[in-house]
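Engineer: Letter by letter, the chains look like this.
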Amino acid sequence: MGGLKEMIIKGGIVYDPANGIYGEEMDLFIDQGRMALQAKGEEIDARGLLVMPGGVDAHSHIAGKKVNTGRIMRPDDARQGTEPRSAVCRPSTGYTVPNCYAMGYRYARMGYTTAFEAATPILEARHTHEELEEIPIIDKGALTLFGSNWQVKECVRDKDLAKLAANVAWGLCAARGYGVKIVNPGGGEAWGFGANVKGVNDPVPNFDVTPAEIITGLAQANEMLNLPHSIHLHFNNLGKPGNYTTAIETLDLLKDIKPSRMRQVVHVAHMQFSAYGGTSWRDFESKAPVIADYFNCHNHATMDMGQLLFGSATTMTADAPLEYGNARLTHNKWSNHDIELEESSGVVPMTYFRKMLVNAVQWAIGLELALLVNDPWKVLMTTDHPNGSPFVNYPEVVTLLMSKPKRDLEMATLHEQLPKRTTLAGLERELDWTDIAIMTRAAPARVLGLADKGHLGPGADGDVSIYNLRPDEVDTSLDHALVKKALANAMYTIKGGVVVSKEGRILAAPPGRTFWVDATVPQADADRLMIDLEEKFAKYYSIQIANYAVQDAYLPHANVIRAGLSVPQEVA
Amino acid sequence: MRSITITPQKAFCISVEAENISPDKFAPLTLSQIKSLVVWQGNRQKTLSELFVVEGDDAPAKAEELTIRLIGDFSQVKRIGEGMTAGVVLAEESVGMHAGNNMLGGLLSISGSADDWLAREMRGGKVLVMGNAGNYVGSGYRGEKCGMRGGEIEVRGSAGAFLGEHLCGGSIRIAGDAGDFAGAANQGGTIFIGGSTYLPGAEMSKGTITVKGEAKVLPSFQKTEIVQIDGLAFQKYAGDLVDNGKGELLVGVGSS
Amino acid sequence: MSEAIIIKDAVCSFCGCLCDDINVEVEGGMVKRVRHACRLGSSKIMGHARMESPMIRKDGKLAAASFQEAYDRAAEILLAAAKPLLYGWASTTCEAQKKGILLAEEVGGVLDSTATVCHGPSVIGIEEKGLPGATLGQVKNRADTIVFWGCNPAEAHPRHSLRYSSNSCGRFTPKGREGRKIIVVDVRETRTAKNADKFVRITPGSDYEVISALRMLVAGKGETVPDEVGGVLKADLADIAATLKAARFGAVFFGLGITHSRGRYKNIDNALSLVAELNSHTKFVIMPMRGHYNVGGIGQVLAWSSGYPMSVDFTRGLPYFNPGETAACDLLARRDVDAALIIAADAVSNFPRATAAALADIPVIQIDPYENPTTLHSEVVIPCAVVGVEVEGTAYRMDGLALRLRKLVDCSLPSDEEILRGILESVHKQRQLTANGGA
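Protein chains in written order, with this note's numbering: chain Z, 1 to 572; chain S, 573 to 828; chain W, 829 to 1267.
Don't take each hint at face value.
The following label-pair restraints were derived from C-beta to C-beta distances [said to hold, decoys possible]:
1) K778(S) x G199(Z): 16 to 24 angstroms
2) L1204(W) x D802(S): 57 to 65 angstroms
3) T619(S) x A558(Z): 30 to 38 angstroms
4) I834(W) x A524(Z): 24 to 32 angstroms
5) G722(S) x D408(Z): 31 to 39 angstroms
6) T619(S) x R1163(W): 23 to 31 angstroms
7) E897(W) x I643(S): 52 to 60 angstroms
8) A558(Z) x T1031(W): 36 to 44 angstroms
9) T1031(W) x I643(S): 46 to 54 angstroms
10) P203(Z) x G1048(W): 30 to 38 angstroms
11) A1063(W) x K198(Z): 35 to 43 angstroms
12) G856(W) x A583(S): 54 to 62 angstroms
13) G1048(W) x V560(Z): 31 to 39 angstroms
14) Q523(Z) x T1071(W): 46 to 54 angstroms
Hint data in this document are derived by calculation from the structure and do not stem from the laboratory.
Every residue gets a Cβ at the ideal spot worked out from N, C-alpha and C, and that includes glycine.
Next comes chain Z alone, as it looks inside the complex:
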């Protein structure tokens, strides 16, 4: 155990696009838990089989208050997919909101070794880390919410970018967070009195700022701090017909900001939910082609799909007014959670139906986006677990992207008006293994700024997935059922040099690491910030500032990444 073992993976057909390797037969070596140029020890026979870096999920809701709220309100979900405990495993429960153990095992079975929780309020980050630590095997991180934070809005209002940067650095440190997440900026504040913001230029109540100012301010602060990840943005008006204009308008705000690293300036979360045309659900249609065109013409943004699949889901987001709308629309149970001075959030169970036109169009939009954007480095494969579908269905998404016949088969079972509302039926493109390796490994790692993930070069984490598929023989277009089956249970998943899963059986469940970013700022800015914060705690927060930050005890397997103003810029 522990990754000290040496290992040789023999003869696999390796896809490592970050290192320019596109399906070459080669041996891989792991030493001290990392990829190496040479190693001895255990040999794994991968002759002729598909080999990729361990999967990286850059946007998934896997830990924290809203995930647990989903569990608590859904015993009906927990009873799906139960597995008893074994010599290696704790028991598993749940489908859309699995328990912590099931998350680790299920990611590992699919060949994934890293997943990032997409939204954590600073105040409740302790809870998030309690759950992250309980998820076995995979490495993790959590993005921190800033989009409705009082202090952030005041810095933006005062146009005090240095203080805003100090605020972001302080918030990441307090939350032991990895990056800046912005959800429906200003909307959480408006929802504090039951309202919402309607667009990027709609003033946020009580704060004399607009969502546009919050977004650009945080993007600038993000680049000032040289953070590994860009801002990670959930647009205003998400989930509403006609919202593609908000998407384009928002992206345009950011196109002139210079990135501090070799990466995007903004990552758009679950683009599918923001590529909607129409004026109501009645004339609802796809605007994926317009969005894709924008991404093809610009290089400052990346997206993840947020693919929707038919069946059961649990929607959960810091976009609380959206969830209230969902609950009213579907007449379903509704949880809401406002977080003082910071955010709001909601959770609503959902079922997506093939014969419901809106759902069918949503399903098509995710695929259109991935197929219409030319550069796979700009599109990460996600289902926005568990909003579009639980992550265990990633193999379904991959096969839809790789096989036109599979898409045609699916479309034949959907609402007959679908072809009038989307372009999917006319899209011939079928992704290949290089595209898939990029969208599920290399690109998410690059988008997040994880240098040792998503590739197999020397020094990279010894995370490798081997599938029982022969890329030289299998026709991914026709044999989609075979592909889906093979991707569901990797032949081997190796995490940090340890075989954690073999043909769907969990062999070892070591704890994973948690990444967080510690960014330094000038002391004078930090001092100015503290005066404001101390006042906020004295007057408004319900806890003391001394009890606010996440203590180190909650991250026994922390992996700190340094950033900030004093870090010299990397030359790529």
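Assemble chains S and W onto chain Z, guided by the hints.
Structural biologist: Then chains S and W, alone, in the frame of chain Z:
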């Protein structure tokens, strides 16, 4: 007709979970194979014959040609007839919780009483109880939108609280009283209660609940007309209007 | 003589308020003074008579034993049981709760918390409808209308009002109590009711009907509502409905008066719908007033570990949940358990009498700092350090916010977590011995 009888070896202190006592499970098996089916008592996994005397015809037969007779007290034995699609289970005395869970067809007949969650999430077939039934007859599982969706439940005695909670279809007939909240969140099933109940039909959106005896009616039900059924007068209500429900509640008027 | 030290911003481990502004003066390893805490919290932090040694019952009498002997005997009892119950968990750390869940999995037991005798019905209601809530600071900063239904914070949560609700001041509530409307719904006029702007006395057991009537009135369907519901005149109910709709931000806090009156979880279910519907008119949130300081924590830890927040049956290796069947009271009332581990709760005092009586017939292991009526029924008694005073760790406030409890003074006794680890190790050891013996 193939017949199998099962008798407890002794009285059970810790309850037994025996979802394998079902015509579908027994059908393809010989007697000795049936004897080695798994049952659980707490955390102890046992074979059927370790806890019960199992006797009867040896030759496998289709479920619809199979009758399982339960002799003696089964009130501590749970999940009898779970998911059965055909055949007959006859209990001579009382049965434990979850008898007829997810039942799809066949007959489950109980001469004594049935404990809580009788025929939870039932979809078809018939359940007959000569004695009383506990809480949650024909209801759903926690957090689930739908309870019983089809089939027929008849209880000759009384039933406990939450009768037919989240009922989505099928019919339930209780000869005696029903406890609080009969037919809560009814979405299209039919309930008849020969005796009295308390706050029937809370949040019902569809379906019919008839109460021959007395019932405390919620303030969110609208009184409509008096109707005659089999020569008896019933006050009709529409509800539950908290959620603009279109259910029918009928409550007996005067003595019958 | 050692010098006194002041520990600032300690977290009080008494009730679900988890007040975190407590200043404690420690001298010579003893707590000398407690500032800011209420009398309940203060008394807990100051400490009182403790059990000092583990005890094992021999010939009918509890006799002092070593910790290892106690762990071994406890493990022996749990391993011999076909259906052990591991109950309590409300007054300990999440770290101990995690170990307890592992132990329940290992020995194939049923794990339940004191929620079963307090807010268990609230959990079932939430499973039906979800929980539209907020952190307490949101209420402090925004709420201009607060309803206390079936709860009496003036006595049970003394600082709730000042820190979080009626009397708190915040950004949009600078006038505190003066700027707020407080409504109390209860069957008797409590101290909380005496301080309200409006006290609504309802007939015991009529909560559900009253809420249904309010839902009708809020939705403008008052014409169907009869002239009087649950002992309250329709005009009064209409007045309340109007007040709720007129709120800028409203909050409902509820307690055992509604969860344990006739209707139980259906009352909560209905209240959750009322609040959801009020959000079509204004902003409203609702939350339970949790009693023990970490009864919220066991719900959270159990949910992320097993998928379910209470009453989890691990006997068959996979978690099964069905309150009414798997809750501690259900099992004891049916005599469907054959051993019990009671930790961080006084089961005998809190259970209905017949249920508590069932504990007398089975071997009981108690882990607690204090002697209480459960001790008298116990076969093994293991004293532990007091969480939040002698042990640090995590607790979840009534609004679901996690805080880290501090250690204020040293203690020679092990923590709950250490005791559970000791029992777990003994379970492994004894199981190994049996396996070897059988081979």
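Engineer: Determine for every hint whether it applies to the structure shown.
Structural biologist: We went through each hint and held it up to the structure:
Separated by about 40 angstroms at the C-beta atoms, K778(S) and G199(Z) break the suggested range of 16 to 24 angstroms. Roughly 60 angstroms separates the CB atoms of L1204(W) and D802(S), a value that falls within the hinted 57 to 65 angstroms. Between T619(S) and A558(Z) the Cβ separation comes to about 50 angstroms, which falls outside the hinted range of 30 to 38 angstroms. Hint check: I834(W) to A524(Z), Cβ distance near 30 angstroms, so the stated range 24 to 32 angstroms holds.
Checked against the hint of 31 to 39 angstroms, the C-beta distance between G722(S) and D408(Z) comes to roughly 36 angstroms, which is consistent with it. The hinted window of 23 to 31 angstroms between T619(S) and R1163(W) holds, with their beta carbons roughly 25 angstroms apart. The supplied range of 52 to 60 angstroms is broken by E897(W) and I643(S), whose beta-carbon atoms lie about 47 angstroms from each other. Checked against the hint of 36 to 44 angstroms, the pair A558(Z) and T1031(W) fails, with Cβ atoms roughly 56 angstroms apart.
Hint check: T1031(W) to I643(S), Cβ distance near 49 angstroms, so the stated range 46 to 54 angstroms holds. At about 32 angstroms, the CB distance of P203(Z) to G1048(W) agrees with the hint of 30 to 38 angstroms. Checked against the hint of 35 to 43 angstroms, the pair A1063(W) and K198(Z) passes, with Cβ atoms roughly 39 angstroms apart. Distance hint for G856(W) and A583(S): a CB-CB separation of about 60 angstroms, consistent with the stated range 54 to 62 angstroms.
Between G1048(W) and V560(Z), the C-beta spacing of about 57 angstroms breaks the proposed range 31 to 39 angstroms. Taking the beta carbon of each, Q523(Z) and T1071(W) are about 51 angstroms apart, inside 46 to 54 angstroms as hinted.
Going down the numbered hints, you'll see the structure goes against 1, 3, 7, 8, 13, while the others check out.
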